Amino acid sequence: MNPDLLLYPMFTHVLWVAFLYVLLTLVRAPAVWGFIKSKKESWAEVEPRISANLSNQFEWPLLFYVVCVLLVSQGSVVEPAQVWLAWVFVAGRLFHSFVQILTNNIRLRGLVFTINFLAVLAMWMIILWKRLLS
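Going by my numbering, the sequence shown opens with residue 37, and the numbers climb by one from there.
None of these hints come from the bench; they were simulated from the model.
In this text, all values refer to a predicted model and were calculated from it rather than measured experimentally.
Incorrect hints may appear among the rest.
Said to hold, decoys possible - Cβ-Cβ distance ranges computed for the label pairs, FRET-style:
#1 Arg-143 to Phe-94: 36 to 42 Å
#2 Glu-83 to Arg-167: 39 to 45 Å
#3 Thr-150 to Ala-117: 14 to 20 Å
#4 Ser-91 to Trp-160: 33 to 39 Å
All C-beta atoms, glycine included, are put in the ideal place defined by N, C-alpha and C.
Please model the complete structure; the sequences and the hints are all you need to start from.
Here you go:
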């Protein structure tokens, strides 16, 4: 497959991170601009979850971007599995955000993170395996 196909899941994740920044700004704006008088009126419960989730978007995803950039920069054909795993990773990041922001379900969040973790790890294993065989 064309390595440029990896740009689509990467860009989708970039758009998701941009959306989270906008969401965090909107949630914080009333308190910052003095539109609310007490914490009870604010988004006090959800704001830390959005902030934590936004921080999470710069941890494990870093390794996703590195493997994708390596694959794209090589310019050679990539395995269909790597493109599929990239989409699994991005879908998992979106689902992880929903779970982290909208619920307190730590078990489900851990399960979703494991799927993301394994998808990126598999992408790395495939690139390494191909390198060792060539």
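- Task: Hints the structure violates: just list their numbers, smallest first.
- Result: Per hint list: 1, 4 violated.
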